[in-house]
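Protein sequences, first through last, are from chains A and B. Each residue of the first sequence is one higher than the one before, counting from 1 in full-length UniProt numbering. Each residue of the second sequence is one higher than the one before, counting from 1 in full-length UniProt numbering.
Hints are computed from structural coordinates only; laboratory data are not their basis. Among the hints, erroneous ones may be present.
[Claimed, not checked] To be clear about the criterion: a stretch of chain B counts as covered by chain A if any three or more of its residues have a C-beta under 8 Å from a C-beta of chain A, and this derived list gives those stretches:
1. 41 to 55
2. 171 to 178
3. 285 to 299
[Stated by the list, open to error] The following label-pair restraints were derived from C-beta to C-beta distances:
4. B:N122 to A:K293: 49 to 57 Å
5. A:D236 to B:L27: 33 to 41 Å
6. A:G113 to B:R310: 28 to 36 Å
7. B:P21 to A:S214: 15 to 23 Å
8. B:P21 to A:G292: 27 to 35 Å
9. A:D30 to B:K259: 35 to 43 Å
10. B:G113 to A:I123: 51 to 59 Å
Note that the Cβ used here is the ideal one computed from N, Cα and C, for glycine as well.
For reference, the chains in residue letters:
Number of protein chains: 2
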Amino acid sequence: MYKQTLLETRQRISSFVHNTPVLTSHLLDDKSGAKLFFKCENFQKMGAFKMRGATNAIIQLSKEQQERGVVTHSSGNFAQALSLAAKNLGVNAYIVMPDNAPKVKEDAVLGYGGNITKCESNIQAREEAATQIVSEKGATFIHPSNDLNVILGNATAGMELLEAHPDLNCVLTPVGGGGLLAGTALAAHYFGTQCKAIGGEPMLVDDAFRSLQSGKIETNTTGNTIADGLRTHLGDINFPILQQYVDHIIRVEEDEIIKAMRLLWERLKIVVEPSSAVAFAAILKNKAYFKGKKVGVILSGGNVDLDTLRFS
Amino acid sequence: MYKQTLLETRQRISSFVHNTPVLTSHLLDDKSGAKLFFKCENFQKMGAFKMRGATNAIIQLSKEQQERGVVTHSSGNFAQALSLAAKNLGVNAYIVMPDNAPKVKEDAVLGYGGNITKCESNIQAREEAATQIVSEKGATFIHPSNDLNVILGNATAGMELLEAHPDLNCVLTPVGGGGLLAGTALAAHYFGTQCKAIGGEPMLVDDAFRSLQSGKIETNTTGNTIADGLRTHLGDINFPILQQYVDHIIRVEEDEIIKAMRLLWERLKIVVEPSSAVAFAAILKNKAYFKGKKVGVILSGGNVDLDTLRFS
Chain A
1 MYKQTLLETR QRISSFVHNT PVLTSHLLDD KSGAKLFFKC ENFQKMGAFK
51 MRGATNAIIQ LSKEQQERGV VTHSSGNFAQ ALSLAAKNLG VNAYIVMPDN
101 APKVKEDAVL GYGGNITKCE SNIQAREEAA TQIVSEKGAT FIHPSNDLNV
151 ILGNATAGME LLEAHPDLNC VLTPVGGGGL LAGTALAAHY FGTQCKAIGG
201 EPMLVDDAFR SLQSGKIETN TTGNTIADGL RTHLGDINFP ILQQYVDHII
251 RVEEDEIIKA MRLLWERLKI VVEPSSAVAF AAILKNKAYF KGKKVGVILS
301 GGNVDLDTLR FS
Chain B
1 MYKQTLLETR QRISSFVHNT PVLTSHLLDD KSGAKLFFKC ENFQKMGAFK
51 MRGATNAIIQ LSKEQQERGV VTHSSGNFAQ ALSLAAKNLG VNAYIVMPDN
101 APKVKEDAVL GYGGNITKCE SNIQAREEAA TQIVSEKGAT FIHPSNDLNV
151 ILGNATAGME LLEAHPDLNC VLTPVGGGGL LAGTALAAHY FGTQCKAIGG
201 EPMLVDDAFR SLQSGKIETN TTGNTIADGL RTHLGDINFP ILQQYVDHII
251 RVEEDEIIKA MRLLWERLKI VVEPSSAVAF AAILKNKAYF KGKKVGVILS
301 GGNVDLDTLR FS
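Produce the entire structure from the sequences given, and follow the hints as far as they go.
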């Protein structure tokens, strides 16, 4: 039922996003035992796949809605994405950010013309601040991951990957809020050939893994993973999509994430976020499963704070 | 006189090296005031332009010479390049490395099948160790930068860049031993349209700048720059080429190199060595000169030791 919608979505946002390159590496193939195709969303505009969903969500608003602006709460990449997508479309963006957000991400939001409202770093404070902006400005709230238009926009990364490499056996993404994995699972279902969608998730915030097991949306008690983009939980719009279209989720430890990220930096010579390395870490952890398969990996973004990042 | 030789060189090594991508960035254009074209030799095989010169130098040896192997002394990238190029061509490579070389580079040489001989970290010890291998094995010594076939091989990066963007006003490279700048200057002269070749050099090891001023090969008393690939000095083969074909050399301070490298990592989302950032730092330091110009920048390599690299 989504095939035509996905094709229209890709057409709709194509002039606002990059068709990002797909990198390969003999050395990483040797290390994993699989044939890997890395879809480099770190090279996407503003440095992450979230540009895709944000752009689609704003374009799908009515003219009247666009004139009143958009609002979101985000710990980072979606804040930048909504700011830049809004700027490209002549729309105001109001961004609620936790007061402990990395400075590099805050500066980027300001650079893209977003209007920042700071709040305490908890979900209740964020939602209250966003609700207040909705009522004051008449702005439309756009959720970073639990929004169908965001999910459909995110799906276009997987569509491009499968257009370039139609015979992938599976495609992996990190899973945090669930928006990228849901979109990618739709892309795999409608544009792959028996292509499985698989998630990679930090063990420390394994809510998505537990949600698929229990059949209801689970949350995390702690969120202290290096993969800071993956600390959120699923929502009622993306969860049914994950239930229907995702094959399984693989959990990885923190040291496995760092080791995988280091391999990507050293061997592909690209800057990727810890969250991006989670899907690759899942492959390295399950070599027997992926052995000999053609595996797509969506590297979700490349916005890191070089001041704080340490490999040792 | 070199035009046909350069075309033959490019043909000769084409199946052994990547035609690396050229990246652009609106943000870095805005920051510099120029239109920048980054030739990404960090994506070259073994992670640096040196693969080009090493491959050409080995292919140009006779069968008998190839059978006895090749030897060089190098603090890093040329050691890897000669090892991999030799492996690709079925030749033995003997590598003299200083005992303080980064472990990541030593491991890479071993990974590419090179045979390492350790020596003290001074030029005399290196040359003695190399001479001993030449006399024992009958191997041919190949200098990392002061060898015409190496220079001609290096030139192919600039040739590819100018083929993709023929109207560059100038092209910049870092200058250490002089092999990349010499090759690039030849490429600019024979394949550009009034395209100037400009070097970027750390102030701490500004021997090339001083050599062009004095008319003779100068050396450095200290070598403590973060751009560890640039601590060497010019040679009698590349110096005349630099004198004839290089427009000028711009010197940059250590903090300017680190700032430039950080911009490349953060904005292009790529991993480049400090040496690679020196040419970009030269542009940022001389914005008035480069304003409005189309400027090629050869990013020389991406082999960094993530354990020791710090931005703050």
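Violations among the numbered hints, reported as their numbers in ascending order:
Those not satisfied are hints 2, 3, 7.
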